[in-house]
Amino acid sequence: MIPLDAASSSPWHFWGYFLDHRSQDLGYLWDHTWLSVVPVVVGLLLALPLGWLSRRYNWVYPPMMSITGLLYTIPSIALFVLIPPLLGLDPLSPLQVPIALSVYSVALLVRVVADGLGAVSPETLQAATAIGFKPLGRFFRVELPIAVPVITAGLRVAIVANVSIVTVAGTIGFDNLGRLFDEGFKLSTDTPYYPPIILGIILCVLLALVLDGLVLLVNRLLTPWRRAVPT
Amino acid sequence: MRTKLVALAAAATALTMGLSGCGSDSSSNSGSSSKGGTISSQMIFGGPPEFKTRTDGIPGLEKNYGVTFGKYTVTDTGGPVTVNALKRGQVDAVDLFTTDPAIKANDFVILEDPKANFAAQNIVPIVSKDKATAGVKTVLNGIQAKLTDDGLGTLIGQVQNDKKDPADVAKGWLTENGLDTTGTGAKGVTLTVGSANFPENVILAEIYAGALTAQGATVKTKLNIGSREKYYPALKAGSLDLFPEYTGTILQYIDKTATATSSDDVYAALGKALPANLVALDQAEAQDSDAVVVTKETADKYKLKTIADLAKKN
Chain A
714 MIPLDAASSS PWHFWGYFLD HRSQDLGYLW DHTWLSVVPV VVGLLLALPL GWLSRRYNWV
774 YPPMMSITGL LYTIPSIALF VLIPPLLGLD PLSPLQVPIA LSVYSVALLV RVVADGLGAV
834 SPETLQAATA IGFKPLGRFF RVELPIAVPV ITAGLRVAIV ANVSIVTVAG TIGFDNLGRL
894 FDEGFKLSTD TPYYPPIILG IILCVLLALV LDGLVLLVNR LLTPWRRAVP T
Chain B
842 MRTKLVALAA AATALTMGLS GCGSDSSSNS GSSSKGGTIS SQMIFGGPPE FKTRTDGIPG
902 LEKNYGVTFG KYTVTDTGGP VTVNALKRGQ VDAVDLFTTD PAIKANDFVI LEDPKANFAA
962 QNIVPIVSKD KATAGVKTVL NGIQAKLTDD GLGTLIGQVQ NDKKDPADVA KGWLTENGLD
1022 TTGTGAKGVT LTVGSANFPE NVILAEIYAG ALTAQGATVK TKLNIGSREK YYPALKAGSL
1082 DLFPEYTGTI LQYIDKTATA TSSDDVYAAL GKALPANLVA LDQAEAQDSD AVVVTKETAD
1142 KYKLKTIADL AKKN
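Taken in order, these protein sequences are the chains called A and B.
Just so you know, we're using the numbering used here here: the first sequence kicks off at 714 and counts up by one.
Just so you know, we're using the numbering used here here: the second sequence kicks off at 842 and counts up by one.
Rather than coming from a laboratory, the hints here were simulated on the basis of the structure.
Note that the Cβ used here is the ideal one computed from N, Cα and C, for glycine as well.
Be careful, since some hints might not be right.
[As the list claims (entries may be wrong)] Some but not every residue of chain A turned toward chain B, in silico, with C-beta under 8 Å: (1) Leu-799; (2) Asp-803; (3) Gly-886; (4) Phe-894; (5) Phe-898.
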């Protein structure tokens, strides 16, 4: 191993910090990854029926948007702390973080699902019905695929937002990249100690970029027709 | 009820003092002796939010020493915010922990507490009763017997100043004290060790975990858990089995009306106050208690030695 001055607090020492705590940091990165991805998947699965409902019955749309919009205004740290007593979970259960983030993901995604489905033109729907699609088949094979680009736009926002909100949970003791910020802050007596903080920021940004890229890739795979017809 | 009233009254006085303090502070710093102000009434105190209302916090300082501060500024719990605020003169006196290496590093002065406003805070491992086998007790009490104030200060310094890993620091301490001997004393016991969110507590948890592992126990760690409100229920419910605690604070947390202040009294009261499924093992000589801390310049300027000196007329 390269001998490094462990006490160096120069911001550029983040690489040395990473080498010194490699297994721990990679563990945080993995925790951060699943904490960012799983809630978006859960959120999407919940947002699909809710979004469909808001489209199918027009009177549902306004209250649904108000309620899910309000959910997003709950401060994340309050939600992390509130969930265990509300659901009767162990106070240290790591589940409270993904549950809270799923709530935020639903809040973001219901609107884009509803609006995405709303963007499908009535002519397309009539044509689909005319060639024999039953309502359920029409939803999954016509409406949803057409709505994919709009939903993807929402997914990108949700997943990147999650990467940032997860760090908040790091300050109350859950393992993820947020722990690096807490660590840097705690060791900043006398002089600021930057390495873990810079490392945390870099890893968060990289993770957000990679996840965002993956969502785009999935979007591309799910909408081959968009490439077939150049616009 | 009464404590509430006292707290309320203290807050009210603090508020009025704050208002008058603001006025006099900016106009003249030294010439206010004619108004009969005390030294503390011209000072800004910095500490964690709960220190303002805690029995041994601002209300205790007023009751025991007649000290009221001009203004209370919320900082953090003995962390970097508090240290830097004192260093830069944003506050004049602060609540810090006695083991904090920043006190020595910055030439801060701990004001003596002759009336024992702050209760004893000896380090004590709290364990679930069903995990406290004879072997586990021997290992942990062996550690407790070797924990001293100076030793602890050195360990914290290694983490906070030299940026070493708490786990490595703990390992080094165990080796140094001959406590890392492998054996089968704690074999067959499975434990989860928790720690609060500050370096000293993490080091202590790592020390416990390291020694127990060496003695054959299966140990999991859950370190850096936020506040006591969060980890104590987990300890009580059994999802944590072992936690490094401080006799005074944990007693105060379980029993708000506790009045014991000396090490032995606090320890005895804690034994009674703990729920049936938790036990306190031996308390260490090492303490980490709250203290009123000022800079050397402030101490010299007003000739401060004890907290009582703050109530003197300027």
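Would you list, in rising numerical order, the hints stated earlier that this structure does not obey?
The structure breaks hints 1 and 4; every other hint is satisfied.
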